[in-house]
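Keeping their order, the protein sequence lines are chains A and B.
No gaps in the numbering here: position 78 of the first sequence is 78 in the working numbering, and each next residue is one more.
No gaps in the numbering here: position 275 of the second sequence is 275 in the working numbering, and each next residue is one more.
Hints listed in this document are in silico derivations from the structure and should not be mistaken for laboratory results.
Remember, predicted model here, so these are calculated numbers, not experimental data.
Some hints here could point you the wrong way.
Listed below are several chain A residues computed to face chain B (Cβ distance under 10 angstroms; list not exhaustive) [to be verified]:
| id | residue |
| --- | --- |
| 1 | D120 |
| 2 | L159 |
| 3 | H184 |
Just so you know, even glycine gets a beta-carbon here, dropped at the ideal spot from N, CA and C.
Number of protein chains: 2
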Amino acid sequence: MKKLLFLLISVLAIVLAASAGTRDDFKANIKASANNLQAYPDSNLPQLTPAPSGYKPFYIDHYGRHGSRWLIDPKQYAQPVEQLAKADSAGKLTPRGREVLAVLRSVKAASHKRLGELSDVGAEQHQRIARRMYRNFPEVFAGQAVVDARSTVVIRCILSMLNEVDVLKSLNPAIKLTTDASEHDMYYMNYSDRTASQLRRILQRARRDSIVSHYVHPAHMLRVLFNDTAWASRNIDARTLMTNLWDVNGNMQSHHQFEKVDLYDLFSFDDVMSMWNYNNISWYCWSGFTPLTQNYVPYMESNLLRDFLGKADTAIASGRNGAHLRFGHESVLLPLVCLMGLNGMNYSTADLDHLTDRWQTYKVFPMASNVQWVFYRKPGSDDILVKILLNEREARLPAQVATDCAPYYHWRDVRRYMLDVLAAKPHVTLPAAEAK
Amino acid sequence: MKKLLFLLISVLAIVLAASAGTRDDFKANIKASANNLQAYPDSNLPQLTPAPSGYKPFYIDHYGRHGSRWLIDPKQYAQPVEQLAKADSAGKLTPRGREVLAVLRSVKAASHKRLGELSDVGAEQHQRIARRMYRNFPEVFAGQAVVDARSTVVIRCILSMLNEVDVLKSLNPAIKLTTDASEHDMYYMNYSDRTASQLRRILQRARRDSIVSHYVHPAHMLRVLFNDTAWASRNIDARTLMTNLWDVNGNMQSHHQFEKVDLYDLFSFDDVMSMWNYNNISWYCWSGFTPLTQNYVPYMESNLLRDFLGKADTAIASGRNGAHLRFGHESVLLPLVCLMGLNGMNYSTADLDHLTDRWQTYKVFPMASNVQWVFYRKPGSDDILVKILLNEREARLPAQVATDCAPYYHWRDVRRYMLDVLAAKPHVTLPAAEAK
Chain A
1 MKKLLFLLIS VLAIVLAASA GTRDDFKANI KASANNLQAY PDSNLPQLTP APSGYKPFYI
61 DHYGRHGSRW LIDPKQYAQP VEQLAKADSA GKLTPRGREV LAVLRSVKAA SHKRLGELSD
121 VGAEQHQRIA RRMYRNFPEV FAGQAVVDAR STVVIRCILS MLNEVDVLKS LNPAIKLTTD
181 ASEHDMYYMN YSDRTASQLR RILQRARRDS IVSHYVHPAH MLRVLFNDTA WASRNIDART
241 LMTNLWDVNG NMQSHHQFEK VDLYDLFSFD DVMSMWNYNN ISWYCWSGFT PLTQNYVPYM
301 ESNLLRDFLG KADTAIASGR NGAHLRFGHE SVLLPLVCLM GLNGMNYSTA DLDHLTDRWQ
361 TYKVFPMASN VQWVFYRKPG SDDILVKILL NEREARLPAQ VATDCAPYYH WRDVRRYMLD
421 VLAAKPHVTL PAAEAK
Chain B
1 MKKLLFLLIS VLAIVLAASA GTRDDFKANI KASANNLQAY PDSNLPQLTP APSGYKPFYI
61 DHYGRHGSRW LIDPKQYAQP VEQLAKADSA GKLTPRGREV LAVLRSVKAA SHKRLGELSD
121 VGAEQHQRIA RRMYRNFPEV FAGQAVVDAR STVVIRCILS MLNEVDVLKS LNPAIKLTTD
181 ASEHDMYYMN YSDRTASQLR RILQRARRDS IVSHYVHPAH MLRVLFNDTA WASRNIDART
241 LMTNLWDVNG NMQSHHQFEK VDLYDLFSFD DVMSMWNYNN ISWYCWSGFT PLTQNYVPYM
301 ESNLLRDFLG KADTAIASGR NGAHLRFGHE SVLLPLVCLM GLNGMNYSTA DLDHLTDRWQ
361 TYKVFPMASN VQWVFYRKPG SDDILVKILL NEREARLPAQ VATDCAPYYH WRDVRRYMLD
421 VLAAKPHVTL PAAEAK
């Protein structure tokens, strides 16, 4: 009984700590609440653990998201302007509402023919990542290192690749570099998994409306923007306005010209936590392991994980040094991280309301987020070690991958674990109406 | 009378010489007849003329086509395989026909999910161009040179850009490089001109069939491939097969894996000249100055020429060194070269059958073709000089642009000339049915 109580208290403490952690993180840096729109957080990177004696890095197996970008859907820029302009014509905006309208108009104008495109901030993120990769793992890129870079066929990813490999080539012109962005590689770079799409659609249909009404509360925002909230409640699509303003504001940090603009007064701190929860839960339903989608969705990245394993095997066998760099999307990186089981992101639950204490995306997939498997070898030894970095921070694998040298792991154990994960892909049963 | 006779003989001599030039060029290098599919010919570049005393290059204004690529239309790979397979099933292929079918099948298989994409050969072309640009004009790229590179939103162009700027950054890591590939720049990078489209459509409707029947003669090809030409004439779409085989064969030089494969025995030398004529005339109707399209079409690149002028003015005023590099398409570069009047490409005629003696595209727009305006300055002088390179060969402007230092020109004269050209844009009258 005492043991059980102790266990319960421990679990509670962990849960509270995690929750407090998120609140504290957002108090310290409100921009982290923008989640997948967050600019890559690399101003305060932790020190990396030195490798065990005699081991040197020789190969990096990598998947990275494109850098900061413009929003993709033109409606997200246009709808807030339309709604606030309508209120302005009716004399219903507060002075702050008029200021916000002016800001939104300038952002919308700047987004013209830029939707979805890599931003100036985004390009720089990749330049810095490449510079650190080179500095932290010089042996990987030494001499005639073989660096093969691939991108999805989406331009912001190709330009992200360009910004990384340019820096690598400038640091060592002898690197043997090949680049590509081909339909040929899309089966692993950004696979379209029909089963995952069907499972997501079923879940979204069942839950989306209740999640929105549970987490999106526009009352504070309406008071800040409108001088007549009764008029606003009749004339403004408040929930859509709130989710759009949340994203437009969250994405300001993607552009040097707007990164100092601050619309966070539109949201109380409770709103911030609530909008973040809404976003986190939506991404969980979309990409995480959960019984609600038969614990299947992360398996949509099976081809990609197999590509990591295959290219690592080849690189080890070749005896050469170098890297495979892949450039794609957060919608790939998040399920990949879940599938790899990094930092407990393979957590599975059907309890969405308590998810946030256990499963948090803002540390996983900001703009330019990346997974790096860094391989180490020692002369005279066949025991290859691997360290996994998530956004350049040392990540941990599930406890069943034993190691005597964390954050380093023995490659044979990691390889075995990943193959076991792949082999455990669940068999999915779809309702007859969806299985067509 | 004597004078007139002399003039006639002179003109005739020039015409014959030009015509002989093309024949000789193709005799020496049959692959040049592939025209816009030709791999960039840089194995034998002429020496560049030293600049007048005291002048140093400081800025390059550039438009370049993507490097070698796969064919874009899947039918071009598929139709020849289908036609020859049909003949094979009917026992109608010669032994050579069966060999050709095997080659075509392997090329088609290799093109899977590669259509329109940059090839290995294409990537290398741009690496070499950048290396020579740097070597020939070191002052342009010295120190913190400002290099701004832009691509159209087409992936083969973006990867071409990547392959050039990588090399530049590896040669001088201090270069201040920015890159982009945005819808925002497409109004000058690859403008869709509605008037040009209408004029082309009218001309194509009137002439296309007669041009094909005049220039595409499959008799020799049929004899090589089929053991029963009577059967072939009933069962094979011979003209389409010939144009597709011409392009598939012409494009073999785009790939290291196929560059040694030779299907030129399918075409007699007369066929080669005739297919080249067909191709050249088609491009002329599509992109040249001709009364048949009201001498309008090259003006579709007005925005691009204005961008050249504007960026040159800015670069000169800034006093800095660097380059504007643009990456796009032959369908832009060819009308641009006509508009600029380089090497007599602004020639205008309605006589398509004698065009080839005067207007030849194979020296203009191979894969990776490029126009470079190289600017020179001299300490203590305001007289800026410019040299124009077409595919890294010194080009000449029309005679009305006087110069005392060819192939260098005084920038004020070139600038004046280009502005006059832009001002002379014709007023187009479309038939009522087209002007909707």
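Hint by hint, here is what the structure shows:
A least Cβ separation of about 8 angstroms between D120 of chain A and chain B falls short of the 10 angstroms threshold, and the interface hint therefore holds. About 6 angstroms separates the beta-carbon of L159 of chain A from the nearest beta-carbon of chain B, less than 10 angstroms, and the hint is met. The beta carbon of H184 of chain A is positioned within 10 angstroms of a beta carbon in chain B (closest approach about 4 angstroms), and the interface hint is therefore held.
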